[in-house]
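Residue numbers (numbering that gives the first Met the number 0), protein chains in the order written: chain A, 0 to 342; chain B, 0 to 342; chain C, 0 to 342; chain D, 0 to 342.
In short, the hints are calculated from the structure, not lab data.
Nothing here was measured: the structure is a model prediction, and the numbers come from that model.
Watch out, some of these pointers could steer you wrong.
In the DSS-like style, the derived pairs of lysine-lysine whose C-alpha atoms are separated by at most 30 Å in a straight line are [stated by the list, open to error]:
(1) Lys326(B) x Lys326(A)
(2) Lys249(D) x Lys249(C)
(3) Lys110(B) x Lys224(B)
Okay, here's what each chain looks like letter by letter:
Number of protein chains: 4
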Amino acid sequence: MIGIGVIGYGYWGPNLVRNFWETDGCEVRWILDQSQARLDTALRQYPAVRATTNFDQVLADPQVQAVAIATPTRTHFPLALRALEAGKHVLVEKPMTSNRDEGRRLVEEAKCRGLILMVDHTFIYTAAVRRVRELIRRGELGDILYYDSTRINLGLFQHDVDVLWDLAVHDLSILFYLVDELPIAVSALGSNHVAGAPANIAYLTLLFDSSTIAHINVNWLAPVKIRRTIVGGSRKMVVYDDLEPSEKIKIYDKGVDVAETPEQVQTLRVSYRDMWAPNLDTVEALRVLAAHFFDCIRNGTQPDTSGVMGYRVVNVLEAARRSMRLKGHAVDIATLEPSDAAG
Amino acid sequence: MIGIGVIGYGYWGPNLVRNFWETDGCEVRWILDQSQARLDTALRQYPAVRATTNFDQVLADPQVQAVAIATPTRTHFPLALRALEAGKHVLVEKPMTSNRDEGRRLVEEAKCRGLILMVDHTFIYTAAVRRVRELIRRGELGDILYYDSTRINLGLFQHDVDVLWDLAVHDLSILFYLVDELPIAVSALGSNHVAGAPANIAYLTLLFDSSTIAHINVNWLAPVKIRRTIVGGSRKMVVYDDLEPSEKIKIYDKGVDVAETPEQVQTLRVSYRDMWAPNLDTVEALRVLAAHFFDCIRNGTQPDTSGVMGYRVVNVLEAARRSMRLKGHAVDIATLEPSDAAG
Amino acid sequence: MIGIGVIGYGYWGPNLVRNFWETDGCEVRWILDQSQARLDTALRQYPAVRATTNFDQVLADPQVQAVAIATPTRTHFPLALRALEAGKHVLVEKPMTSNRDEGRRLVEEAKCRGLILMVDHTFIYTAAVRRVRELIRRGELGDILYYDSTRINLGLFQHDVDVLWDLAVHDLSILFYLVDELPIAVSALGSNHVAGAPANIAYLTLLFDSSTIAHINVNWLAPVKIRRTIVGGSRKMVVYDDLEPSEKIKIYDKGVDVAETPEQVQTLRVSYRDMWAPNLDTVEALRVLAAHFFDCIRNGTQPDTSGVMGYRVVNVLEAARRSMRLKGHAVDIATLEPSDAAG
Amino acid sequence: MIGIGVIGYGYWGPNLVRNFWETDGCEVRWILDQSQARLDTALRQYPAVRATTNFDQVLADPQVQAVAIATPTRTHFPLALRALEAGKHVLVEKPMTSNRDEGRRLVEEAKCRGLILMVDHTFIYTAAVRRVRELIRRGELGDILYYDSTRINLGLFQHDVDVLWDLAVHDLSILFYLVDELPIAVSALGSNHVAGAPANIAYLTLLFDSSTIAHINVNWLAPVKIRRTIVGGSRKMVVYDDLEPSEKIKIYDKGVDVAETPEQVQTLRVSYRDMWAPNLDTVEALRVLAAHFFDCIRNGTQPDTSGVMGYRVVNVLEAARRSMRLKGHAVDIATLEPSDAAG
């Protein structure tokens, strides 16, 4: 039985508690929040849980093996670090930290203590994204030529985080999960339509050593909601539409037979073949994530959304912020990975 | 009766001839092509037309007042220039020329001779685009905050022109038609998946002095065809989907009440209101364009897609090409407009 | 404070309890179910509620003013009758009873005792259906020419009820809510693809004295889920798609100007005009229903989904069953309404 | 070289001429119409063709082996009969005749003279419909459980023909092409919203000896255009949407494992599996039809849309008209087929 403390009971915390509750082999021992009203709500629903506003109390409980941190981003680093130092495994909301240096520090601390550091990049635990990865790993898509994602809606403006840190964070985790090659540079441009506020529209492009290219379009000011990602392979292509109720991924068996030499370019054949939409599991992603977290703790294995992935995502977001200031000039993505980046 | 010569009878020429044919007050006198087979096809359908492979013959006909040039892009400049020098009005396919300098030369030649120079940016003559402009001019959208277009499909690779010159050219003309403010810089990135070939995927972002931003996503390697443009205004927003059979433009009366000071940011209200899809005329755009061309000739007025617009489009495309080489670094768009740019 | 007992805690009962719980001015005093396991589940979530397997206990509680019955259809009549006889107001799941005679008996019992009898035809409390009624009442649609509904999906076969009693029941309630004129006859045809089982596909058509016609297509064996209703008026038409996330109703301002005499038929003009999708509230329908039930109890007013509507729905379903046996022959719908049918 | 005369040059005739023109091995020798203006139009486009208003002239030409009749329905019978009596093969527009007796007469005349009698049920020559038939013939769909079609739009009211004869005629031909079992009875209901005019909305249901059921919903008064047919099989199901630009047919590998005995009903498993959309040819159906007509003439084989199919379609339409008068009562479909019905 793995004892867990959930830190933060605002928007996301209740979802974590509910899924932990329904996962075998785990006990939610503590819920921490600074708001007594929220703690009262929590206690009404989960009378057996301990409620507190004091992080030390959670860390002091020897039956707590892990904490799940669902607080504002800027607090992720100090809370996660103290938890790791107290010997607890950590699950932390995305983005993992506010900057790259904090991210590297967490990865190294977890590594040197042999603890699990996992980031709640929830999309990685959806049946749709896992199926696309499976297709790529089996070679069905061929070489990955491009990743193109549109993630737009009419959203609440946030004043402490821009649209990249709010929305592109999802695509970056999906991209790192799907594509093995690491990007080498990022170009970003955006606009804010409120004086002094962070960007509410942004376009981010990732460059690779190969001809692979990745592009992410995020927007809080769109009149329609779109969640559509295209993964173009040399053999097949996938359109992943997260808003489709039953056919979230469609695989197009069509493509261009790429010529080897410039002379052949004119004879490139565009061939339209069939489309196929596999049936997907409908298990809630957070349930899959919870079970995976506990499996990693028990078996000492690295999670699919490890601290290293969390670091890479933050690293790109930080470089994108610089590129935006440079009017889109591509910024190299620091190649110094945390020491266990191989994991 | 305006006599016209159509230069080039390949893919687009027959459409021009058919629409000129059905427009009152005009006579297609000449069809020119280098292929005798194509000329034979033309003659079978239009026995009264003169067929030729000799441009001089067309220009020498005193009853020819105008020529329509539907040949490969690199030939637009010499053909259009000779036609203008021969005192003929010119309609030329998009893009108007291969580069900015040629474009400026044509604009100035037409201006100094008092001739009409018009570019076949066909989309400007669709009921959908004209309706959006009308909404903007009437102030219904408020300030234009962004223009975001996705124009992707599985296309034939072209070896002499990249995807920007093939597809983004449409969006640039629409953008110049809709938005009065001129962009000041362009950032572009792309990728080619065939060694030595031009880019088949590209992302182009235009910056303005105001917080307006424009973004164009073009791709010849997409498994699905998308033609969707969002124009975000401070009061209303438009989604224009050219593939919708009957509801091509949808106007969303929803938006964010933008706060004036940073302090107000948190109280920004996102309000969802109604959607409205006006009924649109279904007249073929090229028919509207043909009538407009002849009206401009008769009345000596500047066309909606004048040589100046054609120049501006080519100017952005040329700057985008430089930006792509600079890995997305924003390139200033030359502010030197042709002398009649006010037109 | 209105005390309420919820009878049946299977699929739907928990939704009723949750919505009553969150509605002011009401107290869920009892939950009744024959399964102790279900009662335990209920008690875990609502410790203050009394759990029982004994209906008499609920009825004997003087603080219980109303019961909500969410048990299998065949038990609705005896339970509702006993509750009315015990002086309790009644909310009962749809269909109200298994046959017309039971329905009439309940309506009369409630009327003579001055009690509220309401049927949980949930769709009537959605913002979409209420908006369509509003449009009709304001005369925006003109005369109602037809109602055409497709309600199909891949469903679990039920062995005690056919697809009409399971799915068409929704459309019948919506139809009675929207259209004032009562149907005079019903024709139904269907098929069962399992020997001895009830129909899993059925088509039901309602005839009126006027030229209005209503048609309902229900199917448990469809590979795709469709919930689309068209209400055709002489002035405007509505398409109501319950699966659309944000634009559930679309109003088409187009129609045919109906000629008055046969001679004019040839000149009928079909005119396409605009489409309009109003923004709709997103309050849960069951919440609206709960508040409406308590308002009716407090004010002694008839609910929008009164026992009379419940009777009319059952009356049509019973006649449809006869028509199906007669191979589609139209069966008159008994004109004898319960005595308070005017309500 | 097969010489052909095209009778009627109104809406459909020009399409026939164009497709014959582009089909090898055939010569359009005559175009007949009562309007000299239409004949002039025809001659302008096809100067080598003979134009006439006199049917005898066409029949007298010994080089005319076949006529294609594209005139109003009521004239099909006399024209086709005279053509057959003159020894010409006949292609006739749908519906083949105005009633069953005329249909039988034509079938018998063609049979006894050894001539081809083919009906222009164009949909049978689309890649989509042919693919569905192929799937059925290969057993991929299993037993056909139902055919359900919605074919609605805002159409021009016609005063001489009702909506069944205008629209359901398509579905009936598709149904006869796809399903081998012949229907035994038809029930139909409809409504006309113009006094004295024929029905503009109708619902037609076909019954079979087996549990197969077919349903067709046609409407000239719908605000949206829908062309969607579901073919439900015991193993797989097909959704055919003729308005989809590229994925017209979708095959759902999901279904219900039908129990053999009533006791098993409760254990029916509904299983959702994959969806698959095959790529389809985009050749114009009329081109395929033209080639098929000439092949049948050359080889003396029966067309896929033979006179017998044409007769069966008219037979159902005539029975449906009676059923509509009987308020939906199912009318037996005359089992007396023309003598060569086996063809």
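Now for the hints, and whether the structure bears them out:
| no. | hint | verdict |
| --- | --- | --- |
| 1 | Lys326(B) x Lys326(A) | holds (11 Å) |
| 2 | Lys249(D) x Lys249(C) | holds (26 Å) |
| 3 | Lys110(B) x Lys224(B) | violated (40 Å) |
The structure fails to meet hint 3 from the earlier list, while all remaining hints are met.
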